[in-house]
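From first to last, the protein sequence lines stand for chains A and B.
Sequential numbering from 1 applies to the first sequence in full-length UniProt numbering.
Sequential numbering from 1 applies to the second sequence in full-length UniProt numbering.
Calculated directly from the structure, the hints in this document are not laboratory data.
Fair warning: there could be bad hints in the mix.
[Claimed, not checked] In silico lysine to aspartate or glutamate, EDC-like type, Cα no more than 16 Å apart, as pairs:
#: 1; chain 1: B; residue 1: K111; chain 2: A; residue 2: D468
#: 2; chain 1: B; residue 1: K80; chain 2: A; residue 2: E599
#: 3; chain 1: A; residue 1: K485; chain 2: A; residue 2: D468
#: 4; chain 1: A; residue 1: K541; chain 2: A; residue 2: E600
#: 5; chain 1: B; residue 1: K111; chain 2: A; residue 2: D603
None of these values were measured; they are calculated from a predicted model.
Given next are the chains, with one letter for each unit.
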Amino acid sequence: MIPEFGTFSLILALCLSIALAVVPLVGASSGNAQLMGYARPLTAGVFALLTFSFGCLFYAFWTDDFSVQYVANHSNTALPLEFKLSAVWGGHEGSLLLWLWILACWTFAVSIFSKEMPQEILARVLAVMGIIIIGFGLFVLLTSSPFTRYLPNFPADGADLNPLLQDPGLIFHPPMLYMGYVGFSVAFAFAIAALLSGKLDAAWARWSRPWTNVAWVFLTLGIALGSWWAYYELGWGGWWFWDPVENASFMPWLIGTALVHSLAVTEKRGVFKNWTLLLAIFAFSLSLLGTFLVRSGVLTSVHAFATDPTRGMFVLVLLAITVGGSLLLYALKAPSVKSDSNFTLVSRESFLLVNNIILTVVCITVLLGTLYPLIVDALGMGKLSVGPPYFNAFFVPFMSLLTLFIGVGTLSRWKRNGGQMWRTLGVIALLCVLAGIATPFVYAGAMDWWGALGGGLMAWVLFISFRDVMNKVANKTDKLAAVFKLSRAFWGMVLAHIGVGITIVGITMVTIYNDERDLRMAIGDTMTLGDYSLTFTDVRKIEGPNFISDQGVFEVTLDGRPYTTLAPEKRFYTTTRQIMTEAAIDPGLFRDLYVALGEELEDGAWAVRFQFKPFVRWIWLGAIFMSIGGLLAAMDKRYSRKRMGAAKASS
Amino acid sequence: MNTRRALLFIPIILALVLGAFLFKGLSLNPRELPSALVGKPFPAFELSALQDQAKQLTKVDLPKQPHLVNIWATWCPSCKVEHPQLLSIARDDNIPIVGLNYKDTAPEAQKWLRVYENPYVFNIFDPKGKLGFDLGVYGAPETYIVDAKGIVRYRHAGPIDVETWKTMRNIVRDLEREG
Numbered sequence: 001m002i003p004e005f006g007t008f009s010l011i012l013a014l015c016l017s018i019a020l021a022v023v024p025l026v027g028a029s030s031g032n033a034q035l036m037g038y039a040r041p042l043t044a045g046v047f048a049l050l051t052f053s054f055g056c057l058f059y060a061f062w063t064d065d066f067s068v069q070y071v072a073n074h075s076n077t078a079l080p081l082e083f084k085l086s087a088v089w090g091g092h093e094g095s096l097l098l099w100l101w102i103l104a105c106w107t108f109a110v111s112i113f114s115k116e117m118p119q120e121i122l123a124r125v126l127a128v129m130g131i132i133i134i135g136f137g138l139f140v141l142l143t144s145s146p147f148t149r150y151l152p153n154f155p156a157d158g159a160d161l162n163p164l165l166q167d168p169g170l171i172f173h174p175p176m177l178y179m180g181y182v183g184f185s186v187a188f189a190f191a192i193a194a195l196l197s198g199k200l201d202a203a204w205a206r207w208s209r210p211w212t213n214v215a216w217v218f219l220t221l222g223i224a225l226g227s228w229w230a231y232y233e234l235g236w237g238g239w240w241f242w243d244p245v246e247n248a249s250f251m252p253w254l255i256g257t258a259l260v261h262s263l264a265v266t267e268k269r270g271v272f273k274n275w276t277l278l279l280a281i282f283a284f285s286l287s288l289l290g291t292f293l294v295r296s297g298v299l300t301s302v303h304a305f306a307t308d309p310t311r312g313m314f315v316l317v318l319l320a321i322t323v324g325g326s327l328l329l330y331a332l333k334a335p336s337v338k339s340d341s342n343f344t345l346v347s348r349e350s351f352l353l354v355n356n357i358i359l360t361v362v363c364i365t366v367l368l369g370t371l372y373p374l375i376v377d378a379l380g381m382g383k384l385s386v387g388p389p390y391f392n393a394f395f396v397p398f399m400s401l402l403t404l405f406i407g408v409g410t411l412s413r414w415k416r417n418g419g420q421m422w423r424t425l426g427v428i429a430l431l432c433v434l435a436g437i438a439t440p441f442v443y444a445g446a447m448d449w450w451g452a453l454g455g456g457l458m459a460w461v462l463f464i465s466f467r468d469v470m471n472k473v474a475n476k477t478d479k480l481a482a483v484f485k486l487s488r489a490f491w492g493m494v495l496a497h498i499g500v501g502i503t504i505v506g507i508t509m510v511t512i513y514n515d516e517r518d519l520r521m522a523i524g525d526t527m528t529l530g531d532y533s534l535t536f537t538d539v540r541k542i543e544g545p546n547f548i549s550d551q552g553v554f555e556v557t558l559d560g561r562p563y564t565t566l567a568p569e570k571r572f573y574t575t576t577r578q579i580m581t582e583a584a585i586d587p588g589l590f591r592d593l594y595v596a597l598g599e600e601l602e603d604g605a606w607a608v609r610f611q612f613k614p615f616v617r618w619i620w621l622g623a624i625f626m627s628i629g630g631l632l633a634a635m636d637k638r639y640s641r642k643r644m645g646a647a648k649a650s651s
Numbered sequence: 001m002n003t004r005r006a007l008l009f010i011p012i013i014l015a016l017v018l019g020a021f022l023f024k025g026l027s028l029n030p031r032e033l034p035s036a037l038v039g040k041p042f043p044a045f046e047l048s049a050l051q052d053q054a055k056q057l058t059k060v061d062l063p064k065q066p067h068l069v070n071i072w073a074t075w076c077p078s079c080k081v082e083h084p085q086l087l088s089i090a091r092d093d094n095i096p097i098v099g100l101n102y103k104d105t106a107p108e109a110q111k112w113l114r115v116y117e118n119p120y121v122f123n124i125f126d127p128k129g130k131l132g133f134d135l136g137v138y139g140a141p142e143t144y145i146v147d148a149k150g151i152v153r154y155r156h157a158g159p160i161d162v163e164t165w166k167t168m169r170n171i172v173r174d175l176e177r178e179g
């Protein structure tokens, strides 16, 4: 009975969201406050119903209700409880319901935290969110309901969750990523509301900035989690593969990053308005495109969801309506949105524009690389695939250039600059070249130009941020107190930029100094890797809840002293009959030791893969810095309710 | 001013072009690789059997009914993913599968068949990838549908899953009715 309640409340939520999409919008265009007033209660209703529906699916998984097809296909009585519950989003239907529920969460959050926002804007924003909920609600109900039953003959036990997904990474990665994807719908809704009303001022930018920042933070964390999960779970120690689905999450991130910066300019200086609107539309459109690419099966990818052309068609129609509609609205209404001021060529505005252009160009190149196989195929010119060399070839130079502009943009001033800035930058640049060249020598004792580039860029971001802090307190008498008084938004920026530097160092070091060996080892064999030596002492048979496993035991010594034991596994999942490699990793701030057990060879020897991965954690550490930065900026005092109310009263 | 207004339509035009490609893409299958061999006879070969290296296999040994030729190897992770599906095809659908063990070593391949069960009627051992080259193999796993007269009728690159098997089974069933 519970699954039917789930479907039923989903249908009710759809009905309410239709009302949410229509009533406040009519109210806003006719100036009827009563109609606009319905926006908030309707939002609460949609949120409550979808929460209930989502809860019903949890209940079905919790109670092993295998009469529900989705549960039977993705769970099993032997599956540990935490994975039973995270299996809710382990497949297409459930993850879409998660998508929809998160959309409802964002909508509800907007309605709660925007009490001081002008009613007309709020009504429009919530109505646009309502339209998106209709689209995805229909998608879930018509093509991918997770509540469909197997009747009358349902299986006695479930088919089990894909072993790759039986991992804590799965519990967090999809919800984080979806929070980011879906979060851009808020920025999108703000943009559409601005286009509908033709009003786009500093207050508008101030309203939408924290939402965009928070969505960006979730997306950053989601991508980093995905990369980390691939690193330790897929079993070969890579952390980014330029897979279409990874690219699908990376493109909205790039545009989202551009949007965060462009919004800053729009708020502070009242320029780039059209550009900001376009970025907001594209950030969400690319999120939808990502959904399309994953769900339709038009590209081959490691994220093989069960693909279905009707679902692909549905998302494409959804994409056409949302993107086509919003871009048409943009083309027709954008001329009414005017910039408030001017700026000179050498100003912070210009440098942020350059940053936006670079991010957009990188996004377009990723888009082309991702879709190229599809385009060539559609034109009947054959089949091909685009590999990492293409992506790396443009990514490294563009990102280096972007990092340089992070520096210039940070130290420059709004409107216009004097020659002083160039002198400062020159000095810092010289220091960075020295620091860069020193990096590979200090680490490895030999020159490596890529190492120098990575080290130099990190130094650049670091020195510039330091200089920026110094500039901010230069005129204060008590400098230390002044440092602590700097705004959260400022510290957020500093942290996020340092995060970029940290990630660059991680990527550079692990790419250059990764040491990887594939060996044949018998029990008792020892191998040396830098200061570490690993002895293969045993292979044990282990029985897990839903798998049996061969576990290798490696005693690790550091400079001859016992250091740790690593136990990589080769698991055989009995229900799905799949073999999984569970790598054993000894994590460290400056290096990871990575051991994966391969095939058993004849006479008791095993194929073993060792990797020594310097600084690999820095890749994700940088992402954490960026996220904290984004969060700090979103929590800046000037967004607090009191201030917002005051700003409204004074304007 | 008018050119400025026209510029604002560029995003939607680009989006429409992209949308057209995506629409076209829906009806294409990226895993389906056209094969020059479809409609042509299975290439001639003379290779030893995997299980019994003394025995030489040739085209004459292929089943005289519609069957599958599956290219696999122990070094290929997707083959392992595909394996349960092959077992179910051999068991439940009663369609003979000829294995082509591709660029592999005999002891490992034999062990694989012992450990994971053997869905194949027999296995052609092709350590140098000679027959694979004649077939134009793209990578393992790959599966061909060959009819009773030894004509290649279909090719699938990548592992067979439940969905692709539905299509392929229909093709085999049609061939069985023809014969």
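Each hint, compared with the structure:
no.: 1; hint: K111(B) x D468(A); verdict: 65 Å, violated
no.: 2; hint: K80(B) x E599(A); verdict: 12 Å, holds
no.: 3; hint: K485(A) x D468(A); verdict: 14 Å, holds
no.: 4; hint: K541(A) x E600(A); verdict: 13 Å, holds
no.: 5; hint: K111(B) x D603(A); verdict: 12 Å, holds
Checked against the numbered hints listed earlier, the structure breaks hint 1 alone; every other hint is satisfied.
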